[in-house]
Amino acid sequence: MKVHEYQAKALFAKYGVEVPGGRVAGTPAEARAIAEELGGKVVVKAQIHAGGRGKGRLVSESETAAMYERLTTDPANNEGQVRGDRVGGVRLASTAEEAEQEAANILGKHLVSIQTGPEGKLVKNVLVEEQSAVARELYLAIIIDGAQAAPLIMASTEGGQEIEVVAANDPDAIVRIPVNAASGYEPYVGRTLAARLGLVGDQAAALNKLVGSLYQAAVESDASLAEINPLVVTEEGRVLALDAKFTIDDNALYRHQDLSELRDKDEEDRLEVLADELGVANFIKLEGNIGCIVNGAGLAMATMDTIKFAGGEPANFLDIGTVNDPARVVNAIRVISEDPSVKAILVNIFGGMARVDIIAQGVIDAEKELGLDVPVVMRLVGTNLAEGEALLAEAGLDVIRAESLGEAAEKAVAAAGAA
1 MKVHEYQAKA LFAKYGVEVP GGRVAGTPAE ARAIAEELGG KVVVKAQIHA GGRGKGRLVS
61 ESETAAMYER LTTDPANNEG QVRGDRVGGV RLASTAEEAE QEAANILGKH LVSIQTGPEG
121 KLVKNVLVEE QSAVARELYL AIIIDGAQAA PLIMASTEGG QEIEVVAAND PDAIVRIPVN
181 AASGYEPYVG RTLAARLGLV GDQAAALNKL VGSLYQAAVE SDASLAEINP LVVTEEGRVL
241 ALDAKFTIDD NALYRHQDLS ELRDKDEEDR LEVLADELGV ANFIKLEGNI GCIVNGAGLA
301 MATMDTIKFA GGEPANFLDI GTVNDPARVV NAIRVISEDP SVKAILVNIF GGMARVDIIA
361 QGVIDAEKEL GLDVPVVMRL VGTNLAEGEA LLAEAGLDVI RAESLGEAAE KAVAAAGAA
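Using the numbering used here, the letters of the sequence shown map in sequence onto residues 1 to 419.
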């Protein structure tokens with residue numbers, strides 16, 4: 001679960017990470033009031049769940065696809081600016097009046113960046129915070145390293161740009177320090193980071209404190225990502241988080257009711273939200289036109305690969321798991337049917353603990369409740385196969401059958417192409 005920048009900064013500040021002063025505003029008048037409290041010289045930042053806001057562009061909803069095309073094909077002539085006519089999602093203001101105007105330029109518009117996709121993101125709030133006189137821009141993040149089964153602290157002197165770009169162009173510029181989860185964060189880690197980043201004296205001490213606080217926030221919140229980009233050293237010598245990203249492991253949200261309340265469903269994919277509400281837990285929306293219902297994550301991945309080998313594109317990842325209730329199958333099909341890009345559905349079940357007859361009954365019930373209007377290809381193998389076959393035959397359901405996964409993928413691709 002992602003949270004907005006203003007929410008992440010509030011959480012960081014709670015743990016002792018220094019952040020610029022500021023608050024969130026939902027109207028231009030609120031932005032002006034906050035700017036007045038801060039002395040007028042502020043930055044106004046669109047709050048969406050996507051990066052590249054400063055270089056993104058603000059447009060009406062009807063213009064998002066065209067703007068995305070221009071940003072991806074000719075960024076130099078289309079990227080947003082913090083000042084100037086090309087209005088981006090991060091704006092500088094010298095007075096409270098300017099802050100009000102910039103908030104008016106941002107709120108209610110759709111922000112398009114290279115990370116939003118062609119649909120863009122509607123801006124409902126802006127963060128108004130004090131400007132900082134930046135002397136240096138650094139990068140700092142804490143992630144979970146699955147290979148080492150430990151939290152990993154990453155830092156770089158190349159802040160203010162995507163870390164993926166730094167990794168590709170200058171991998172030696174990235175410092176990586178794993179943390180023993182049993183012993184936790186220790187001060188030597190901060191001292192090591194400070195030395196590698198070229199910080200000494202009070203700035204090194206400030207960095208050590210900040211990293212320790214960020215680590216505590218990440219661990220206690222079950223975060224999969226805590227990122228500050230840029231982490232800045234100001235001309236006054238302050239070390240503070242100028243930006244903030246925070247992602248919490250969905251599987252741990254039951255332990256954090258207060259953090260669960262930070263969720264903004266409007267920022268998430270509509271179908272993924274629907275799937276979550278219907279109890280279809282393992283669903284991820286993709287860009288293709290063949291909907292997939294599969295039992296088991298490994299088989300689901302193999303199914304998507306086979307569809308691509310057959311010349312098609314999967315519309316989703318969906319691991320329906322061990323099914324003991326036809327209603328779960330109906331809900332899975334309901335989610336897929338809500339995707340207008342889906343032109344065919346491939347049901348690939350290799351029944352072990354999952355029963356083929358339950359899957360078959362679920363597809364039959366879905367036809368009765370939803371009225372399936374796209375071709376359905378079914379490859380069924382395993383537990384209670386004979387019973388499932390009998391149910392399908394009795395129902396007279398018009399589905400396309402396949403014996404193997406390869407055959408099923410080919411038939412799904414053909415059905416989607418003919419739809």
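There could be a bad hint or two in this list.
[Stated by the list, open to error] Straight-line C-alpha distance at most 27 Å; calculated DSSO-like pairs for lysine-lysine:
1) 124 / 41
2) 55 / 245
3) 245 / 14
4) 55 / 209
5) 14 / 285
6) 411 / 308
7) 308 / 368
8) 285 / 308
9) 411 / 14
10) 285 / 265
11) 2 / 209
12) 209 / 265
13) 209 / 285
14) 41 / 55
15) 265 / 245
16) 2 / 265
17) 124 / 368
18) 55 / 2
19) 2 / 411
20) 14 / 41
21) 265 / 124
22) 2 / 14
23) 368 / 2
Quick caveat, the hints were computed from the structure, so don't treat them as lab data.
Small disclaimer: the values here were computed from a predicted structure and weren't measured.
Structure-based check of each hint:
1. 124 / 41: holds, 22 Å
2. 55 / 245: Roughly 17 Å separates the two Cα atoms, so the pair holds.
3. 245 / 14: Measuring from Cα to Cα gives roughly 15 Å; hence the hint holds.
4. 55 / 209: Not OK: residue 55 and residue 209 at ~32 Å, beyond 27 Å, violated.
5. 14 / 285: With a Cα-Cα distance of about 34 Å, the restraint between residue 14 and residue 285 is violated, given a limit of 27 Å.
6. 411 / 308: Given that 27 Å is the threshold and the Cα spacing comes to 13 Å, the pair holds.
7. 308 / 368: Violated, because 31 Å separates the two Cα atoms, which is more than 27 Å.
8. 285 / 308: With a Cα-Cα distance of about 16 Å, the restraint between residue 285 and residue 308 holds, given a limit of 27 Å.
9. 411 / 14: violated, 55 Å
10. 285 / 265: Holds, at about 15 Å.
11. 2 / 209: holds, 25 Å
12. 209 / 265: violated, 34 Å
13. 209 / 285: violated, 40 Å
14. 41 / 55: The hint holds at about 21 Å.
15. 265 / 245: holds, 17 Å
16. 2 / 265: holds, 10 Å
17. 124 / 368: With a Cα-Cα distance of about 40 Å, the restraint between residue 124 and residue 368 is violated, given a limit of 27 Å.
18. 55 / 2: Given that 27 Å is the threshold and the Cα spacing comes to 21 Å, the pair holds.
19. 2 / 411: Violated, at roughly 38 Å.
20. 14 / 41: Roughly 25 Å separates the two Cα atoms, so the pair holds.
21. 265 / 124: holds, 13 Å
22. 2 / 14: holds, 18 Å
23. 368 / 2: Outside the cut-off at roughly 37 Å; violated.
Consistency note: the structure conflicts with the earlier hints numbered 4, 5, 7, 9, 12, 13, 17, 19, 23.
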